[in-house]
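Peer 1: Sequence:
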Amino acid sequence: ATATIVAPHAQEIALLWFLFVMQGTFEGIINIAGQKLVLEIWQEKASSPLFLLHFGFGIGSFIVPQIANPFLAIPKPTAAANFTSNVTTLHPISTTAAPVTEYIRESRIEWAYLIVALITMSLSLVFYFYQFCGKGMRNTQVGKTQKDKDEDHTNIRRIIDPATCAGGKRLFGIQVLGLLFLFFFVTTGGERVYGKFIRSFAIDYYNIDGDRASLLNSSFWISFAIGRFAGFVAAKWIPIRIILLIETTGAMTSAILLNIFADDSTLALWILTQPMAFFIAPCFPSGVGWGDFHIHLSGLGITFLLLGGALGGVCYMWIIGYFYEAYGPLSFFYVMLSYGIPLCTLAFIMHFSTWGKGHRFKDEEKKEEVVEVSGIQLKFYSKSDQEKSM
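Residue numbering for the sequence shown follows the numbering used here, starting at 1 and increasing by one per position.
Treat the hints as calculated values from the structure; they're not laboratory data.
The model shown is predicted, which means the values in this text are computed figures rather than measured ones.
Among the clues, some could well be false.
Below are the DSS-like pairs computed for lysine-lysine, each with C-alpha atoms no more than 25 Å apart in a straight line [to be verified]: (1) K45 with K196; (2) K169 with K36; (3) K45 with K357.
Now the in silico label distances, taken between C-beta atoms and shown as ranges [to be verified]: (4) L257 with R170: 27 to 35 Å; (5) E44 with L171: 45 to 53 Å; (6) S298 with M121: 40 to 48 Å.
All C-beta atoms in this analysis are idealised placements derived from N, C-alpha and C, irrespective of residue type, glycine included.
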């Protein structure tokens, strides 16, 4: 929120860089903490709340531009646009400066930034309340024994060991985390490309005016939010493993259809943008839910996945920027195809490579049953010893 307030007033590019880095860092921390909180609270039933958490991102992406729109500058229409002439007149080259653009209304975008920042700050008050006023709900340790201190040294190694997340199965932990890293690399990259380039593509390739292109972009984010809400509902009845296959297959199919029909039809672009957004949207929370289904995703584990997503976002944005400039706007469709096919392929590899290996919650239930049975046996034997002594 602080970076958002200061950003429109930054006069130097170095300060703006610092604010962007600061904002991105803390947004990443919020992302990690929010998902970890959901996983810890809902455990095996965390899939639906995960979709609801990420549903907020889609809603925000749609609402914030609407907040900013009334504060944007409105330029005056130029007089040259009001008439046409068939007479060609040659004028001498002038060294005078170009006319300054006049505005009906000056930009007041700093107020939009302030409103969004205040909303963000108000949401943070809830977490401050539970952090400082909810201490009585938590169990605190007065002191640590020497044994606890010795265990702290080994905890550092355990935190970075994949076997810790996979119940002692190191190779399985490496396999799941590696596949998830690649999955988040691809899914975040494709999401960034479509969300950020669809407006530019519509203007550059189809010569659509800015207002219609903005409407197309807004429709993408509306379908995006609907897709995540649909995931929230579906996860109550459909296993997360099946949901992942459905949405990745849908994203690949949408990318293929875009390449076939939307290269010469604006109507096809409008229609196919909606299923593309709908199927792209739930891939991110589904990946987290799928990972937590098989292994225990710690904070460091979620950080590793988000690192893959951040790297994918950077790489895909660089790829689309290079091909867009070198080969033209139509390369946008080809990049989306290079997103859809690997995404679907990875989802099926993830599904079949973990087939028949169960999930961590069943394993934990078995461990709890063994502990309970052992406790009953110990109580039985101790009672028998007392009876014998009597």
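Peer 1: Does the structure break any of the earlier hints, and which numbers would those be?
Peer 2: 1, 4, 5, 6
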